[in-house]
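Take the two lone chains, each set in its own frame, and fit them into one complex as the hints suggest.
If you're matching them up, the sequences are chains A and B in order.
Going by the working numbering, the first sequence opens with residue 1, and the numbers climb by one from there.
Going by the working numbering, the second sequence opens with residue 1, and the numbers climb by one from there.
Source of the hints: derived by calculation from the structure; they are not laboratory data.
Beta carbons are placed, not taken as given, at the ideal position from N, Cα and C, and that holds for glycine.
Treat the hints with caution; some may be incorrect.
To be verified - With a straight-line cut-off of 20 Å between C-alpha atoms, the simulated EDC-like cross-links for lysine to aspartate or glutamate are:
hint: 1; chain 1: B; residue 1: Lys-456; chain 2: A; residue 2: Asp-10
hint: 2; chain 1: B; residue 1: Lys-296; chain 2: A; residue 2: Glu-102
hint: 3; chain 1: A; residue 1: Lys-99; chain 2: B; residue 2: Asp-378
hint: 4; chain 1: B; residue 1: Lys-386; chain 2: A; residue 2: Glu-63
hint: 5; chain 1: A; residue 1: Lys-29; chain 2: B; residue 2: Asp-378
hint: 6; chain 1: B; residue 1: Lys-359; chain 2: A; residue 2: Glu-102
hint: 7; chain 1: B; residue 1: Lys-499; chain 2: A; residue 2: Glu-82
hint: 8; chain 1: B; residue 1: Lys-325; chain 2: A; residue 2: Glu-102
hint: 9; chain 1: A; residue 1: Lys-8; chain 2: B; residue 2: Glu-379
hint: 10; chain 1: A; residue 1: Lys-99; chain 2: B; residue 2: Glu-379
hint: 11; chain 1: A; residue 1: Lys-6; chain 2: B; residue 2: Asp-511
hint: 12; chain 1: B; residue 1: Lys-356; chain 2: A; residue 2: Glu-102
hint: 13; chain 1: B; residue 1: Lys-300; chain 2: A; residue 2: Glu-102
hint: 14; chain 1: A; residue 1: Lys-6; chain 2: B; residue 2: Asp-459
As the list claims (entries may be wrong) - In silico negatives: residues of chain B with every beta carbon more than 10 Å from chain A:
hint: 15; residue: Glu-155
hint: 16; residue: Gly-202
hint: 17; residue: Arg-248
hint: 18; residue: Lys-296
hint: 19; residue: Lys-306
hint: 20; residue: Ala-323
hint: 21; residue: Phe-374
hint: 22; residue: Gln-416
hint: 23; residue: Arg-450
hint: 24; residue: Ile-452
hint: 25; residue: Ser-477
hint: 26; residue: Ala-481
hint: 27; residue: Val-529
hint: 28; residue: Ser-533
hint: 29; residue: Ala-555
hint: 30; residue: Leu-599
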Amino acid sequence: MDAEIKSKIDQSYRTAEDFTKLYYESLDKRRHQMSRLYLDNGLLVWNGNEASGKDNIQKYFQELPSSSHNVVTLDTQPIIDESTEFAPTFIIQVSGNVKFQENPSKPFQQSFMITAQGDKWKIATDCFRLQDALSLLERK
Amino acid sequence: MPKRNNVRVENRVWNRNQNNDNRYNGNQFVEHDDRAENLGKQMIRSKNTRRVSFKPSGAGGTGGRQFNNKQKNLNMAIKATIDEDDDMVDFPVGLNRDGNYHRNPNARFRRRGSPIPRTGHGPPGMRKLISGTSGWFLVTIPHGQKYDKEYVLRELQTLVTPDPFIPYYVKVESSAISFYLDDIKIAQALLNGDRSISLPDGFKMMIKVRCSIPQVQIDANLKEKMKLAMSKRYTPATKALDLTKFHRDVDLKEVFCGLFRPTIMLAAIDIIAENIPDLEALDLSDNKIHLLDHFKCLSKKLPCLKILHMADNKIISPNALDALKECQLVDLVLKGNPLRHRIRDETVYVSEIRKKFPKLLRLDFVNLPPPMGFDIPDEISIPSPKASYLCNHNGADIVRQFLEQYFIIFDSNNRQPLLDAYHEHAMFSLTVTHNSQQGQRLGSYLPHNRNIVRIKDYDARNRHLKCGRLPVVSFLSELPATQHDPHSFAVDLSLFTSKLILLTVTGLYRDKSKPSENICSFQRILAIVPSGSGFCIKNEMLHINNPTMAQIKAAFKSNAPSNAAPVAAPPTTTAPPSMDDATKLQMIQLMSQRSNMNLEWSEKCLMETNWDFDRAAFVFTELNNQQKIPPEAFAK
Chain A
1 MDAEIKSKID QSYRTAEDFT KLYYESLDKR RHQMSRLYLD NGLLVWNGNE ASGKDNIQKY
61 FQELPSSSHN VVTLDTQPII DESTEFAPTF IIQVSGNVKF QENPSKPFQQ SFMITAQGDK
121 WKIATDCFRL QDALSLLERK
Chain B
1 MPKRNNVRVE NRVWNRNQNN DNRYNGNQFV EHDDRAENLG KQMIRSKNTR RVSFKPSGAG
61 GTGGRQFNNK QKNLNMAIKA TIDEDDDMVD FPVGLNRDGN YHRNPNARFR RRGSPIPRTG
121 HGPPGMRKLI SGTSGWFLVT IPHGQKYDKE YVLRELQTLV TPDPFIPYYV KVESSAISFY
181 LDDIKIAQAL LNGDRSISLP DGFKMMIKVR CSIPQVQIDA NLKEKMKLAM SKRYTPATKA
241 LDLTKFHRDV DLKEVFCGLF RPTIMLAAID IIAENIPDLE ALDLSDNKIH LLDHFKCLSK
301 KLPCLKILHM ADNKIISPNA LDALKECQLV DLVLKGNPLR HRIRDETVYV SEIRKKFPKL
361 LRLDFVNLPP PMGFDIPDEI SIPSPKASYL CNHNGADIVR QFLEQYFIIF DSNNRQPLLD
421 AYHEHAMFSL TVTHNSQQGQ RLGSYLPHNR NIVRIKDYDA RNRHLKCGRL PVVSFLSELP
481 ATQHDPHSFA VDLSLFTSKL ILLTVTGLYR DKSKPSENIC SFQRILAIVP SGSGFCIKNE
541 MLHINNPTMA QIKAAFKSNA PSNAAPVAAP PTTTAPPSMD DATKLQMIQL MSQRSNMNLE
601 WSEKCLMETN WDFDRAAFVF TELNNQQKIP PEAFAK
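The shape of chain B in the complex, shown without the other chains (with noise of 0.2 Å):
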């Protein structure tokens, strides 16, 4: 949207249907009373101090719509204070002077529109800029097309000299030249200097002056340019980038990269996350930047960020620094900013800033007194986790071979020998946490969720619980095929007595039927009774609930044996003489832990051994002394 900014230097009144310049239609010309937040204070006072008014203007019928006009134009200038991200900003400043009518086609309309008659306005010199909120300030030379780029460059820097005359971006348009500045002083020179040139064909030249933020867009180039702009700036040392004024930088000198446009500075952040991601020094000094809303990401995207030099911008207000609160800053410079100004008295200045830094050491270069606290420590840290409780270690044993051969089966094609691992009157349910927002990784089990906070009928929270042997394997089978990361688990044996065991399992497994996204955490309670000569499941609840980032990243990737989970350690029983799939599956593991051969590769061994585990082993033994292996069984 285009957008409007503060910057009147003129008392002339504009009207809506004055447009001066076609190029500019439609997004300037508010009337008057946006003034009343303008930094040009001092042109109300001199000139129409009657319209700042927030009451409706008295003129005629169409008061109340002068009213709501001024309110919406107030509420856009107070907009544009707060959000000036838009490229159009233009209020015309010393435009159109009287003798310049036959070259200007639309001034005419002025003349017949304006309602207000002109109060006059004074000679050049008088005419005042007043820095808008960017800084920058677009130069219009009309008809300057018809002249040499160069000699036009040339002449304006008479007019400055001996300061340097910079202009940015300059380009010659159908009807103009056209270049920016970024100094106030250099622009006011200029707008002075309006028809004090003689051209070669008689002409004077004119200067048009007015706030304008050159636009930029940014893609993949300017990104790339940025990224080598900031590159040289690195200090690796010292982890500090240095961005001081740096649209002025040369790399950038086709482009107009100013870090005070929000986008461009998230841009610029991105880059940085992406390079530099433990950055701990950052100066943004001298960059006009006056918004600071969007810095809020920098403590996510810059964790490790501890000095900020913000020198020299335009940073109007000290609450405007909230965005930056969550950064843990140490060193921050601040001076040469609006805000100082603000905080007249430097204690009350460096309370302020404290406040918002609590960590803060330094300050404007100055290092501060330590701050006076209390004795209660901010943060208590919670106790560090333990990958395994036993209430009583003579139950390890029996947990390891329980949750081993348990997981084993249930992880095997065929869950029906499970059967043997549950009471005749066994209990089984399911909870799942569904986040939509997750994606479905969970949907399968979500008809099976016996989840009483949300079910409140009893039938359907009865019929979500599986009673009975049958019942409860044949509900597991259907279950999505699963592989367990048995260097997850964390393994709580709460109860331990002759008549009942309690076991909690939380950990990690892979949902084979799935090819991404598959790995889901769980939780299972097991109530456990012994029968016969061993033991079996009279309760069971499993939960399951989508990982978080850190379990994504740990799942399956430990290659150390866990010294906690009693789960992990190596199977020392050999293979009784009557044999089902899970036992099988479980020699094969063992024979590949051992041989180091694949899977495959150990199955072929076990079966040619007839399932002989220490035939296997010592067949195996010779034949890779013998190095008759090929090399394909120990692919994996």
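Extracted from the complex, chain A is given alone in its bound form (with noise of 0.2 Å):
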């Protein structure tokens, strides 16, 4: 494996670990602070929903009921193309359980692509699904 994707890839898992750590934590516990995860023109899709925007990410997030969420895979891999080639991108998936207030937890999926702006990882696109969102909205 080429050197330079070899760091890369070893680069992709601590900040993968890192920011699905930070980012759980605030949405469960300091979703006051969400907004200051995403780029100023970030994109957020939450179950086919779009907040576009980091301060409509923000409003998207407060009125979310209070979650907590429980992360059981991660997977990460930097993308290595012409268009990333001055700012490092990684893509990031991860899948776990979410419960809403004192409902019970359900399982979902979530992908993040993450790209560093100056000193800071920010994110791009937060692309959020529940597992069986759409297979409950069918039997109704």
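Structure (structure tokens):
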């Protein structure tokens, strides 16, 4: 494996681990600071619903019921491409269980693209899916 | 396990050696101190009060042991109060009167073994029955089998007249006639009549009464009888089931079907859940119910239950109602239960019950005033899900075509054509959520799981990352054969630029290598870059998980075309001159879709027209108009 690629892969591990820990802790306990994790023009797609731009994202999160996430799997890859030449970019995939208020916990999957902006990692896109939301919808 | 009831009537002190009746060996005659927990408080007051003590008795060297026994007995007595689910609840009441020694072979032990002098007991009329938690009594007529059963019962009837005498489950045994009563007044009257009836052969009729619950075996037969009895007590119009005094149901004469027994109650709940899952009102009044722990399942089994009447039962503590908390009750009746006497103050009672059932509107047939609350909703609902999201509508066609082609090949027998779909330096990795409780559905994926929550070693993580077009496709080729359900897809296009497309697909597929339990849930994240005139995958992460129950039910069920998932739209392209298997498969599926023929005949039709779709469609229309296509072509 190319040494440069290997170093990017190695970097992705630490970043993804730190990122997910911070992300879900913020979301569950310090939701008011969520927008700081996103690019100014970042995008959140939450079960197919859009919140675009960090202010809208912050507002979207504030209106969600209180949550408690439990991460079960985590995976990450660097995107090595001319489009990301000057800003290291990783994609991250998370799966786990989430409990909203006192409801039973449900499986979810979430994917992120995070990118370096100065000395901070920022979320470019964030895509959340409750695993069976559509199946439940169809039954109604 | 045999268990002890709490009823002591006589002041006689029983010792463990003093079994007065062989049938009850070993399960009664605890030492005196359990009375502390008993209902027979007045007995304790009037008689051996000094024995009510938590201290070790100072009686010689056996003190320590007695203490242990006492503790044990006390514990058991408490347990008995809490947990009355045993049939052999046997504390003798008014047995073995002095004058009957000659008739009771075991009585002599008592005389010899009793360390404590009898303090004597009053005349028969003084002996007072105390109702156990069950409220059931076993009446035994020793030697009654020598006489005609009807005669004996008739004689007993005279003792209680004018009250109704209803003996349950009358049994003629080898040395006695026995039956059960559920009325303490009648039981007391019979006990008072001990040896007052002269029998034809000159003996006096002995009558023994004690607390005991009739035994019953729950089997299919009993369940069938219960079902029958329930069906006539159900009112479909109001979705209400009336199980008042269930054990007195004429259909249940032969067996003892007391709903106060958890096993019977659970069987009843199961029958209801099976036959009337949408039950809204349940009346359990007058069933001697005192335990509620097993009612915990009620909210799950009968989710629509709103009205619950439990008047005239034996619920002692308001805390017992916690088992019903999950039920969304709006109407509850508890009057006639001992717990009503515990809370004298009506306001306290109402607020106590309301705390447990916040939605309650009616309690004990009285409408409650609306409760005060706060202006913050209890539950915030989450935004309703949408099947797809496209950050840029120009991307819709590209995404649709890409996914369509990708999954047709992926679901075919040959995944090699996917080589074209991946970038020369593509990366691929897989994560699996494995839950051993859900069996081995995902077992074949586990060795490739690159879950960095679990795998900490960098080399191992790197090994699970497939890099380069060939390694990726050869890895994909080894995964189990699949069939994806496009209607289940949720597609999110979150980035669409000229240089990079980021796409997430979440949905269901069937693992074709397994005959059953083969529905799996997946999510793929695809980073797609332009390549030549088309596109190819630069990065892909695949996550596989067990489906939820809702997903299993919804999988491959949707007939209506999904209005949102862009991949579900039918392809509009015709076949290019040179074709690979994937394209052929695509044509077959399209042919089948348009012609309504099955896949086999669609393929036949296309083969015969040398894979010219338009021609095949023309031929089909012609032949179909002439009704020359056999019916089996449409059999699916």
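Please write out, lowest number first, the hints stated earlier that are contradicted by the structure.
9, 11, 23, 24, 27, 29
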